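Visitor: From first to last, the protein sequence lines stand for chains A and W. Residues 1 to 184 (full-length UniProt numbering) are what the first sequence spells out, left to right. Residues 1 to 1003 (full-length UniProt numbering) are what the second sequence spells out, left to right.
Honestly, the hints are just simulated from the structure, not real lab data. Note that the structure is predicted; figures quoted are calculated from it, not measured. Fair warning: there could be bad hints in the mix.
Said to hold, decoys possible - 20 angstroms max Cα-Cα, derived SDA-like pairs, lysine to any residue:
1) W:K637 <-> A:Q6
2) A:K115 <-> W:A240
3) W:K843 <-> W:N654
4) A:K95 <-> W:P680
5) A:K146 <-> W:A606
6) A:K115 <-> W:F173
7) W:K684 <-> W:R607
8) W:K969 <-> W:L904
9) W:K916 <-> W:P978
10) W:K916 <-> W:T989
11) W:K862 <-> W:D995
12) W:K104 <-> W:T34
13) W:K289 <-> A:V63
14) A:K93 <-> W:E725
15) W:K890 <-> W:L904
16) W:K104 <-> W:F114
17) W:K402 <-> W:E373
18) W:K684 <-> A:R39
19) W:K696 <-> W:A724
20) A:K146 <-> W:T34
21) A:K115 <-> W:M241
22) A:K146 <-> W:K58
23) A:K146 <-> W:K637
24) W:K803 <-> A:L10
25) W:K890 <-> W:K637
26) W:K350 <-> W:V381
27) A:K95 <-> W:D681
28) W:K803 <-> W:V699
29) W:K843 <-> A:R39
30) W:K803 <-> A:Q6
31) W:K803 <-> A:A173
32) W:K58 <-> W:R172
33) W:K684 <-> W:K696
34) W:K696 <-> W:R709
35) A:K146 <-> W:E751
36) A:K95 <-> W:E725
37) W:K289 <-> A:S130
38) A:K146 <-> W:G600
39) W:K393 <-> W:S111
Here's the letter readout for the chains.
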Amino acid sequence: MVETIQATRLHPLQSGRTGPAAVSVTLADNATRVSLRARPDAVAALSKALGLALPTKPKSTAVNGSRAALWLGPDEWLIIDDGESNLVADLAKAKVLHSAVDVSHRNVGIIVSGKGAEGVVNGGCPQDLSERAFPVGAASRTVLGKIEVVLWRTAENTFRVECWRSFSPYAFAFLQVSARDIWV
Amino acid sequence: MTNQVHSGSNRISGAGRLTPAKTVRFTFDGQSLTGLEGDTLASALLANGIHLVGRSFKYHRPRGILSAGSEEPNALVDIERDKSRKQPNVRATVQEIYDGLKVKSQNRWPSLTFDVGAINDVFSPMLPAGFYYKTFMWPKFAWKTIYEPKIRAAAGLGVVPGEPDTDRYSNRFAHCDVLVVGAGAAGLAAALSAAATGATVILCDEQPEVGGALRYESDVTIDGAPGYEWATATIARLRAMDNVTVLTRTTAFGYYAQNFVGLAERISDHLSTPAAEMPRERLWQIRAKKVVLATGAIERHMVFANNDRPGVMLASAARMFLNHYGVAIGRKVGVYTANDSAYAAAIDLKRAGIDVPIIVDTRDNPKSAIVEEARSLGIEVLPGHAVFSAGGKRRVSSMLIKPNRGGSERKVAVDAVIVSAGWTPSVHLFSQSRGKVAWDAANERFLPGTYAQDCLSVGACNGTDGLQDVINEAIAAGGSSAEQAGFAGKGTPVSLTATGSASWIGGMIGSAAGAGPDTTVKAFVDFQNDVTAKDVRLAVREGMHSIEHVKRFTTNGMATDQGKTSNLHGLAIAAEALNKPIPAVGLTTFRAPFTPVTFGTIVNHARHDLFDPTRRTPMHAWHAAQGAAFEDVGQWKRAWYYPQAGEDMHAAVNRECVAVRTEAGIFDASTLGKIEVVGPDAAKFLELLYTNPWEKLGVGRLRYGIMLREDGFIYDDGVVGRLAEDRFHVTTTTGGAPRVMNHMEDYLQTEFPHLDVWLTSTTEQWGVIAVQGPRSREIIAPLVEGIDMSNEAMPHMSVREGKICGVPTRLFRMSFTGETGYEINVPADYGQAVWEAIYERGKPLGLTPYGTEAMHILRAEKGYIIVGQDTDGTVTPQDAGLTWAIGKNKTDYVGIRGLLRRDLVTPGRKQLVGLKTVDPKVVLEEGAQIVANPNQPVPMTMIGHVTSSYWSENCGRSIALALVIDGTKRLGETLYVPMPNGVIEVEVTGTVFFDEKGERLNG
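Bound conformation, chain W alone (with noise of 0.2 angstroms):
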């Protein structure tokens, strides 16, 4: 190595924009290098001279940068801050070198220049397009074991990183009137004249400078300055405008419905040490009420044998790493084109003193003053030829040149090769809101035709030509959309004025000289996918007609770059190997994203505890500190039981439950639903929406309430309270609380708005403490101010409003285990407090705290059902053994109608039944299935289902509810529950186990 210069021999002295003291140091598969400031990992890579920066993907064949922007197919690469801020797949063409820029190639093994892999390559004419599809199918058992992980384990490009994610990503919703995406003239232009309104503008660009084109085109004016100038300038004007927000290194990835679209700003990707509390990237959700498309055109390159070798690049990728990053991607750089826009590339690197030896036209006979200029310039310029091979492997050495007609072959030694075949709009984003594209049969491309949502395209992106006309179109675009937005006649119009060409029409799409259906060569349509012409041939004669097929059968475009540059090619050589015109083969759908998009970007704020919200009971630290054991419930975290010392769950539950019914139990059951229906009508409307009778309750009392759908299967159930004649307290079960409040709002504003009622969801306003067993009423009355607590004055299923600990309490008298019992409703955030003094004050009287568990247990002794686990969505209340809830005078209520359809009147209906196991220690599984003979052949007729089942220590045995086919009838049959380890024998009961005839409810 000679000499080398500081930021690689390849850099161009006085050539380009970024300053030659500001250098940074990275690292390449281990290798140190240094570039500039600004250099993309492609810029820097090539500045000092290295074009190899990948294997592909299939064939594993040596590859180089193609491209200078979002579009690269090939230079992917592997980027690692540390273990678990690791990026595979990185475009170097996209990422920007900081200090200490770690980067690894990819698909290689055991090195870049020797990979085992590229064996792949020598047998390739074995491995043709659908090659997986055919090869693999016998036998079928191998698919899933041996053939698909091999195949996956080969397969893909970077490696997914194995650890968690440690960036923070953020999110941003924002509104606009004028949502311009690219920076370039036209963007610009179209931003400066919506903003002149007034209007708020947010403009993006996913490059880190704006100017787009302007940034290598070298002979252009706007407004008196060169181009980039004038982009510069514009956009500092801009970003000082308070109705502007300008967003670069901020892709415009998804168009979604109503003007809806996603951007993905990366914001410390570039920066060598970011600060901890920078996001990595952040997610824009914007709405915006026009949208200006100015996304520009992409350059295709040429279909030709060997056209991926390293050192082929597209024109004007060549272009933008000379004239903006001051970079020679050679020393002897050869031309094959299809039309003129090569010509300003070969004609900027000659100037800069690269020699340039050959122009190789396909074009008979190209006539245009760039064409003579670039004779004048003493390029050889060869019209009618075509470049048929690419010598080289791992650099591009020679291009092997024939007429297109036929003729003698000539070898011109090149190190660079950059070629064009013209442009394709970016009509991504324009496809992705549903607009539909049409064909423009005189320049072989597809425009925007018709809109389907409130936007424009501009620019190179809707096939204008020319930079003045591509400017007006863009000033007036900008304008209208502001006019529109209702910013009409305001501000001063804007008028810019342009010089220098910007053409971008011309060329060719499909395969070119050489690369024709007579012939095996690897001709390149796709390079990320190694999808080649042949391929495409092949699978017209496989039989895929349609370009959707022709796509899925090759790949071709289903990469990650989503074929940028492969798309149109493919569609032009599967047309005419189908002999249709391209319009009736038709063009494959864009999807969002436009690029990758990090799966951080998407998820953003939503990691840890923000993934989902997570509930919380007033009593909760309470809980906590005494060790409790949690369950989740819906958001909510339940105490589920209390170990102590020593304890087990099953021991824990036990004495919990035996505690309620010797001494007194204290439990959590904030979570239940509430909610207070308000109004003159009140009692009318709960009539409607429950089985049971509520017009003559009396204030003060209590009812279980039992809730149907339409169509008679139970939909919910619990206690409500008569506060006053126009108020209740309803209370719900803790998941049913949002469906019952929708279910009863529902009911009110379509079937009953006349009622005079109002519902309020007060499920958190009240912290609720239960108090339950025979010392609960002694334990809570002598905290209770205001309420006569005697069981004459406050029976079973009664409310009382009053005072406890010196706040305001509802206290309900109720039981969900079958003991006298108390819920006492506090305001919320006295919850935990009240709790606390219940507790001293019990504590010595054996008040012991119980969790979930042992309240299922509590209510199962009694036979009380919990709606979703002893129901299912087809039990009605008869099936329940809750006839009694239904008011029997009644004439209406919501279910009324479906309790009368024929099968849920028709006998055979599975009834709620207890279980006994003949042997007590055997406890069922719920779910168990129930059979009436256990000597039946298999599949056995089951009759029936375990729906709870538990150890009741209070019992002394197993119990176990559970839904069996005509259950009433069936009281001490004995039926069997078969399970794996042998079949149990039980005996069918009533529901009630414990206290059959409820005498420790009124105590």
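Just chain A, same shape as in the assembly (with noise of 0.2 angstroms):
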């Protein structure tokens, strides 16, 4: 009974990408993401499971190819994989006590890239944005203007902003009047 019918994905943001100055704010491809709870005795068995040691020290991360780890909490991880990997399944061998939710569509990734980008998320999150303070490999929830977002500091010049979808458009917008910003 089933009619050959594939939906296909609809991303919320359908611009590319902006800003006239160093710093361009772009859409980050699609990746796969789980929000992954557990507690501090799962934690091995569970970056086993990753293939990545999950990160136990506030605002760090873990990499391992194509997939990250980003440390939100005590018992909190949000994982993204933007390549071809099984995540969901991959976790699913862990036989440890833990939540696994993916999250896949429910987050959205923003990349701001270039020189000051750090001044263009200062725009609207108020946390410390110096490399002393926010190293490369930093992350943390946090805030950007009237929204929650998760921040993440992949390069010198280059964060990686995760919001949820409906306020992706915000975020992207936000982040756009910020990077006109950084040229005075």
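Reassemble the complex: the two chains are provided individually, in unrelated frames, and hints are given to aid placement.
Guide: This is the structure in structure tokens:
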């Protein structure tokens, strides 16, 4: 009875790239995401299942290939994988107590990149983003303007901003406006 | 006008630092004028011999330029780039000129030189302090209708722009180890010292150039160079350092908790044609580990009769205009002083070739080298004398002088008078930081006393005298701040040698001779609010004994300049009148902002689309393309109804409602809150959060759940599906999603931390497509893969996982319409494609999109409640007819004890019932009150109110839900709804109006 219909993805953001200046604001590629919750005694087994060592320090991340784990709380990680691997299936192999919930479509990733990216994000984020306080590899749940985001510094001048889907037009527009400001 | 020099007749050749070749054209009240690049409006006007720039607030007296800085109370003008970019009350001493700058004077009609409002000056004896409070008291009603509107129209200086501001404003958060406020000698030295350690330093100054007083002090050297040269070299050094951010034209306006300081950076106000992309101003929100305040001191004027005449100016300002801008403020300049610092200005003017006929000094026997130097230049020094009045009207023309102890008067013709009553340390930011000031009795000034935050004051704002001492103090403060911020023992310590005097002590506060208690002269204390010495005394006589009361009664210090020049004078006069020492009278607290900040800067990015996030569902574009009307539900845009050509809302909604019950409807339910509850104790946790039982709910089954607060009242509701033994898919109301998540997380973390369960918000993971109606299964089944959708295999209130249109789905069989129906969850990015596929297939079968309005009606036809509409935070499950949803055998859940409270079990509670109007065409108003007897006298006893009311096309009549006292005992009774146009008769019914047996659910 199944008709040959295959639904296609419709991303909430349709525009691609912006910014007259050194800093570009672009959409991240589609990725698989899991909100992972577990107690400390499960970290080793989950790390093994994921193929990376889950970070246990605040504001830290671990990366292995296309897969990254962002520490969000003492028992909470955001796992992002923009490769082909099956994140959910990998986690299902871990037989320790945990909660893994697919949030691939819940979040949208936005990449802010270029010299001055720090200032663009600081246009709406009150955190200290100096490399001393927020080095490459640092990540945290934080605020951008009036919304909650997860911020991850992937390179000296590159940040990944993760927000919920319906807030992504706001986040994108905010970062675009803020990117216009850095040249003065 | 004779042979005008290019940039103004008062520009002194060879003086100042501006470049004569770089001219700038601007207009003042339509008159075209020329200034130089780097001029402020004040210096450019003075260069052109213009002192009269505005009219005062209350008496419309001619006013000139008092200062050369942000403390300016008088020279407020209107700057207009175009209709939407217009700024009133701009201080001429702060605004830099640019080509094409258009300036208008304020508070005058028909012209600045002839102002009708000046009649107030003549009648001023009838306008004492507190005049408004006393005069406009009777009749009482007239205050609102006549007096207040008239006074408001007459009051104020500038005119508010009429159009929305088209400028852009920006924002930046920043952190630093040391924030230095003020880039004069002290600030620069502190910044150098802190930066040398490698600490991150932000240095800000409200002026376009750094240097502070070094810009006019002609007689100092630092590190072997003239002061100003040292300042420019130092700032270049600082700018070149990676760990230093220098912000000029940037005012630290607010000092908040935990070293959080607000700065306003003016980016384009000085530019002739700012680039379109350029923000006008930028707000800096800075969190500093340490703050060094180097905010300097502000010179006070002398309080004597007619001291507000244009041409009367602070001595330091005259010196700044001469030494920095190359402008002489007059050709024959008199001096009136109570301390030494005016002498330096007199000497500079004299040396520049300006006639300085006399220095009147209130001190009997001033003794210092600078006094002798003035004498040696041929200036007459007259100690022990006072200027008791100034002559002239639109420009000062003479000084009237007499000895302090009485004697013969003398008149000296002048065209400008420079004054100095001494210096007031700028403790504004220190005070804002909640620091307590201390009275320095020897020098009659308030200084930083007890610190409340991690900051240090250095230089003139700390009362430190002598340039070398100031610099030493600043270096020490910069160094120790960096050290405490974690940079101990790093870098090479800074040391600087300074020569020359910089004295901030001496002088007087209060009214000078000739403006004493026995006079009625206008000796101004606060120029901007037209407060005179006698007003302050009157306030005391009228019983105002606290400086806070004196301030409010007289409005002294309450103008936009916040009394930077007037506070101390006002305080001294009040103290004298009260016969109390100054510290016993007290100082008013300084409040943010230090100088006015535009709304644009405070608001910055949060305008238009960025005012607040607008949330749209995954299928929003489809609804919009169909011409849907949207309604706002919180931040969400929800499709409200889909009008077809020629349809109004009523017709569209009726059509949608009928279609759902006859064929099928499709509805976007994506905004419903969704929470995934995962863990071996998931069911146990839900048992505690909901009234319903969950342990025995089978995998693949759904249940409608009610959540209470601790007090027993309904908090939220929604359908919960069990996907696995340890995994539930919880839904909440749209508006309740965030608070339900918080409520659950709160209980989990504080009351039930022993449970092995975690909560994850999945609201936005899923796009939710409701397909409801007799043909719903027929429409979607062909698109679904891997799920047996037969009535037997998938009955009402069940959930299955499989695929639809090739993508994963959580398929819920449930209904908020009373029809057979499904809610199809798909990953959000697929929402629109799946919706379109379903619609394409269903359209020939009568599938009709319906919006939230139809949804509301359809559920009301079935008596399904909406939390927040049919409940209001005081409704229990029993009240709402939901007793069946309470697990009878449960011993614990949030609210179980609340439900046993006496007032929740006593008869007489309001209960949810249906209402049918006797006339079926009449639709009740939601919120309308219900009475048992419409003939009782007003105020009637109200026994309930209508919570939901609609026209139901499916029932062919109006329907309503209501909360009525003892409602369930009144079924069949007739009640009344009194309305402005008559009483509506209603019958109390059950809450289900359509398919009472609920057979259609199982179709």
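Visitor: Decide, hint by hint, whether the structure agrees.
Guide: Here is what the structure says about each hint:
no.: 1; hint: W:K637 <-> A:Q6; verdict: violated (28 angstroms)
no.: 2; hint: A:K115 <-> W:A240; verdict: holds (18 angstroms)
no.: 3; hint: W:K843 <-> W:N654; verdict: holds (18 angstroms)
no.: 4; hint: A:K95 <-> W:P680; verdict: holds (13 angstroms)
no.: 5; hint: A:K146 <-> W:A606; verdict: holds (9 angstroms)
no.: 6; hint: A:K115 <-> W:F173; verdict: holds (17 angstroms)
no.: 7; hint: W:K684 <-> W:R607; verdict: violated (46 angstroms)
no.: 8; hint: W:K969 <-> W:L904; verdict: holds (17 angstroms)
no.: 9; hint: W:K916 <-> W:P978; verdict: holds (15 angstroms)
no.: 10; hint: W:K916 <-> W:T989; verdict: holds (7 angstroms)
no.: 11; hint: W:K862 <-> W:D995; verdict: holds (7 angstroms)
no.: 12; hint: W:K104 <-> W:T34; verdict: holds (16 angstroms)
no.: 13; hint: W:K289 <-> A:V63; verdict: violated (33 angstroms)
no.: 14; hint: A:K93 <-> W:E725; verdict: holds (17 angstroms)
no.: 15; hint: W:K890 <-> W:L904; verdict: holds (19 angstroms)
no.: 16; hint: W:K104 <-> W:F114; verdict: holds (15 angstroms)
no.: 17; hint: W:K402 <-> W:E373; verdict: violated (24 angstroms)
no.: 18; hint: W:K684 <-> A:R39; verdict: holds (19 angstroms)
no.: 19; hint: W:K696 <-> W:A724; verdict: holds (12 angstroms)
no.: 20; hint: A:K146 <-> W:T34; verdict: violated (46 angstroms)
no.: 21; hint: A:K115 <-> W:M241; verdict: holds (18 angstroms)
no.: 22; hint: A:K146 <-> W:K58; verdict: violated (43 angstroms)
no.: 23; hint: A:K146 <-> W:K637; verdict: holds (18 angstroms)
no.: 24; hint: W:K803 <-> A:L10; verdict: holds (18 angstroms)
no.: 25; hint: W:K890 <-> W:K637; verdict: violated (39 angstroms)
no.: 26; hint: W:K350 <-> W:V381; verdict: holds (13 angstroms)
no.: 27; hint: A:K95 <-> W:D681; verdict: holds (16 angstroms)
no.: 28; hint: W:K803 <-> W:V699; verdict: holds (18 angstroms)
no.: 29; hint: W:K843 <-> A:R39; verdict: violated (50 angstroms)
no.: 30; hint: W:K803 <-> A:Q6; verdict: holds (10 angstroms)
no.: 31; hint: W:K803 <-> A:A173; verdict: violated (34 angstroms)
no.: 32; hint: W:K58 <-> W:R172; verdict: violated (39 angstroms)
no.: 33; hint: W:K684 <-> W:K696; verdict: holds (10 angstroms)
no.: 34; hint: W:K696 <-> W:R709; verdict: violated (24 angstroms)
no.: 35; hint: A:K146 <-> W:E751; verdict: violated (30 angstroms)
no.: 36; hint: A:K95 <-> W:E725; verdict: holds (15 angstroms)
no.: 37; hint: W:K289 <-> A:S130; verdict: holds (14 angstroms)
no.: 38; hint: A:K146 <-> W:G600; verdict: holds (17 angstroms)
no.: 39; hint: W:K393 <-> W:S111; verdict: holds (15 angstroms)
In this structure, the earlier hints numbered 1, 7, 13, 17, 20, 22, 25, 29, 31, 32, 34, 35 are contradicted, and the remaining ones agree with it.
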